[in-house]
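> If you want the building blocks of each chain, they are given just below.
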Amino acid sequence: MRQLKSKPFESYVGVYSLEEMVTKDSRVCVINILGSESRKVTPVSHEYSKGNVVAGVQYGREGKLETKLGDIPVYPSVREVIKNKHHFDTGVIYLPPTAVSQAVSELLSYNHDLKRIIIVTEKVSTADSRNIRFLCQEAGVDVIGCNCLGIANAWDEVRIGGALGGDAPEETLHKGSIAIHSNSGNFTTTMAEYLRTEGFGISTAVSSGKDVYIHFALAEFLFAAQNDPRTRAVALYVEPGGYYEKVALEMIAERRIAFSKPIVVCVTGRWKKDITRSCGHAGALSGAGDDAISKENWFDEYFGVGCYDPDNPVVSKRGVRVDSIQTVPVAMKAVFDEIGETPDFASQGDLSLKLWLSDNVVQVPPKLDMPMIEPLEPYAEQLGVVNKQVGAQYLRQSMSDKSGASRIDPMSHVAQLHNRSILDLSTNTLEENIYFSLAKIMPEEEDLPTINTLLNLMMRLDSDEMVAVDRARANGATPNAYLASELASIGNRPVLAKASEHISRVISAIREYGIDDTTGKIPEEFDKQIIKEMLIKKAPAQDTETEFLLKMVKGSKKKCTSLKICKHILTLADKKKMYVRDMQAFLLGTMTLCIFWKPLLRKRVSRQLVEDIPHYLYTIARTFACSVIDRKNNKHWQKLTGGPLTGLKSSFTENAYQFLFNAKPGETELLEFKYLIGLTLTNGPGTISAKGAKESVSARNYISMAFVGFLANTGLAHGGNGFEAVEFLLKNFAESNLVDPGDAKHGIDLKALAAKAAKEYGEFKVREKALGALRVKPIPCINHPVFKGAAVNIDPREDFICKQFAEKGIYNVFVEFYHLLVQELFNQGITRNVFCVNIDAVLAVIALKLVWDNRNAGKLTDEMVQNLVFTLFLYGRTIGVAAEIVDHRDRGTDMDCRTPQSKLKYVL
Amino acid sequence: MQLSGLRYGAQLLDLVDFPAPEHLTGGATNGEIQALIDKHGKIVVKPVFHEGVGKKGKAGLIRIVDNLHDALEAKADLYFATHKHGTRTVSANGVTFEEFVESDIEVYFSISESTTIRKPTFTISVTGGVDIESLTPDKISSVWIEPFIGLKSFDLTNTLKDLNCPQRYISPLVQNLPKLWDLYNSYGLSTIEINPLRLKRVGTRYVPVACDIKAAFDQDNPAHRRIGLPMGIFQSNITPFEAEINRLRTYQGQSDVLELNTKGSILPFMFGGGANSAATETLGDKAIFSSDFGGNPPYEKMYEISRISLKHHWDATNVLLVIGGKANNTDIYVTFRGIFDALRDHIAENGWRPVYVVVGRGGPNLIKGMVYARDILDGLRLPYKMFGYDTSMILTLEYAKRIDDWWLKEGNAKYAESVKLSG
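Protein chains in written order, with the working numbering: chain X, 1 to 908; chain U, 1 to 423.
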């Protein structure tokens, strides 16, 4: 087969001189221009090169890519680019690997003026690479890559292809006389950076890539470097694998190419000799003859000297080999001395160890010690700015149908919140789970009194302002509705907004003045700022809550920078005989900041969240407060909210139980209550309750309204079908004379009861089918779409709780009934196998057990019981949904929950 | 990804109807082995290696037998045989019993990519069955292949003629060898080598039979998955750590690792192919693994890579090293978030250890990334040194080694004690 040949090569090479390889006149079309990498890199390249990208292709799309020099038009195909009269000589490909050869074919088919293609993509198969080579050889087009970062010409300030020089190419790519050819894209830039330390700039740098096929290899490069008047020497970075260097050096030796400029080459990768699969560059896998040592020998033979030794520098006029890229600059200088030439400019900087950041806790021995050095600009300025930032940071994205808070474990199918199973979480107290939902870690023991105090206090605040709740209840609204009516009115409540402001101010001050645990004296400037912004001369009115909080803050022994600062502010106020403005908000802010300080510093939570904490805690506490059914006759509620401050540090879990059931819980009840709440924390981000909250966030509402979004998306269908299960159990136990569902000696023939229920259901099923029902209403809380198909099926969540009950000696008659029922359904041939009792049943049976006494005593109607079950579900989900709201506020974008027009359907 | 021998190689040859000897695996019954001997007179017993292994004959690992007793004895000897191959020692995992193919000629044939001429090339010799490097140039010939046409019959004919191949063998070879290009080109191979290929007389014809095969696959070419070879055969030399990391392999961002020394003390997160090559060389035995995590990996991938690395190697880690040149496109902030978030979470779950952290890196969002790492390390009370992009990467690596020596010798114990005392 005849092939194009360019003398002196046996193949086509279109580059005569590096000077012409890429220039200010090169015009570029980028394929997959809007892809994640190109979208960032192309504008920088375009601006550095003074606008050389004429168009881009994004298959199937049209549009533009914004740059500081104007928009780059984007077309759906190369054909359209050409049709719109955009002329280009260089194609740059950013596509995924399997699409690359297609794009090459397309470029060759439609652009007959094409001179070069630069392929940035990595992991292109060798088969595609050889096809690309054959296509381009026939067409007379040079290829650079694959898996490369392209070419940069520092004289013309042009870079084409990838991101040589990073996001600030002008910083690294200084004009000079060294041409670089490197198997590593990173080292192309790094060598350019290093060479400046001995006063060398670059002419043209080529990142060759290091796949099996290197399309613009060393021989072509040296030929073009020789013909480039700007280039006085060459710096190479070489890895094992392939005979490209041998070919080039043999061509020089055989005088097939004339090459007279010195070379400094760094060969690395001796260790790769024994590996059988690539690590790093795909082509850096050697056989017996092309390993690193072989390559070192080829060059040493060419130079006539061995590896460069800085202590005993010997170089030849042809150059020298170095063993690491840090030696390239000094070796280059030595070679220049040898040929009697001088560097391009005075040396800039050096490569010595420059310590930018160091801990201040461990003293290293003197020989390892060194001073910290202020980074060069613009890094020093950036350091000043970034130093003031604190907390986790997230990239904003569309969070519709996504969550960083909850998920369903694909293996166990159990919901997780912050990577912890709800089964584990169901053993925690409410206050622990509330903190965990927000902070993503469990609270420290010493913080629990503060968390309880804050939650209890917030229940007490505004305890007499529940007009909306009462009106909604009177109108027969369901629990979610009456709770929502009250939460909607929280808005940006001033005390909460001011607490957030205080938190923000304290965090800023701590970062601004670099204060930490080790800071001895607080800077005077800080005091001046505090006096100006936070202190007032007029004494504010006193209230019992504020006094209580002040005492608590002053008495706290916790080691925490934020607490230290807040105490300092209080002391400063005393010293100056002044008062802290909005004292209650300041103290609330202080306490919340104090318990969230560690997760903030460890970047578990964002600064935004910590500033929002008072809003979250208040909204959650308010949800519990508003659900108290008969406030006037609830002695526990009256004790907390009326009269003197007592019991604020007591467990929030116990308080919540007491408010809901108007009874003091025993140990068993408390455990059951915790299970109940824990199991309903989340069922993943796909639930409509979570979606309701997320949609509200995406519409940029206040936090309490996001909770309203969740409440508005719950209803009688919730609690799984626990609501219906209660009805089902009440019906089946109606004539049983059950006294205590927790007493195993209940005296009821449960097996007979289950058999009767199964029989009735079987008859019901037959009747319904006879009437032509397509789907017979199932018994609530049995069977599950995932946990089915086995001879005996088990829902692992229900199983977990049952085992917990058994371990702790807790009995529940309804659970036993359910287990007998699924067995009876199978025995009577109504089900094909033994169905599982699902997790919703657990919720129903625990709830029913907890209210059984009050119901039997006539204190609760069946409707009230059902409302109570619903409320219990809302408790758990309120806590879990808080995590979704935090997550969506941290990561989401405005309106990201919209459904695109293309996905909407009109139904007749 | 390599294989050798007929255990799986025959499956490859079947894809293109290329003749292979009749053979049985190690699980064959005595009756089946006896029947094979009865049919062919002699059989060849070979060990099965799960990767490309050569020079088996020279090492006495190929036995030709003509009775069941010898066959079973060979099986017992070879089933778990070890073989030093270059600098590596590999272990067999089974044997094959193969028909002995009578032939008065042995042919060597291979296809691979030539980096000298940058074309696929076939290499052939009619004095095969020996170590190919030992042949003089006049006994072997290489010819390039036009990829869109394939292996051309006239190239084969001319080459065989130049090599003085007996006339009677040329036609059967020319008829069959082009099938191997189809195999090579269609199923993502990067090398195929048949040695020896014997010519079996069947009636008046000669049939070339591939008596041994070595094949290597391009892991970036998904075509090899169509063959249906069990992936386990490529993982015999992959450690559990490498296997777990390999699952993250996508085209966006690198996740290459090679576990080097599980008793090493430096856990190195290397960024870029160049850094991988240079850093592994500089760190030597201290490096627990060699890695390349460059290519701008997204946060989730970097977090997972770090999580897995810490899961497997945290307990051995004395110094955690993050090293790379001045990145062109890799977002330092994103990668550092991935690494240090995973570190924080790992410590939260598995407990604290006194580990020193050394960082040498440059690139976009460098300061943001370094400060992010610093804040987490301060919170974790782990000591660190972070060097700017204007520091030599090699000096940073050498500094990390010196820190490692000191930290191992005395630093970490003293520090652990002081942390314990201060609560």
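Errors might be hidden in some of the hints.
Cross-link-like lysine-lysine pairs, in silico, DSS-like; alpha carbons within 25 Å at most [claimed, not checked]:
1. X:Lys745 with X:Lys731
2. U:Lys119 with X:Lys5
3. U:Lys119 with X:Lys559
4. X:Lys367 with U:Lys311
5. X:Lys603 with U:Lys311
In short, the hints are calculated from the structure, not lab data.
> So which hints don't hold here, by number, going up?
Violated: hints 3 and 4.
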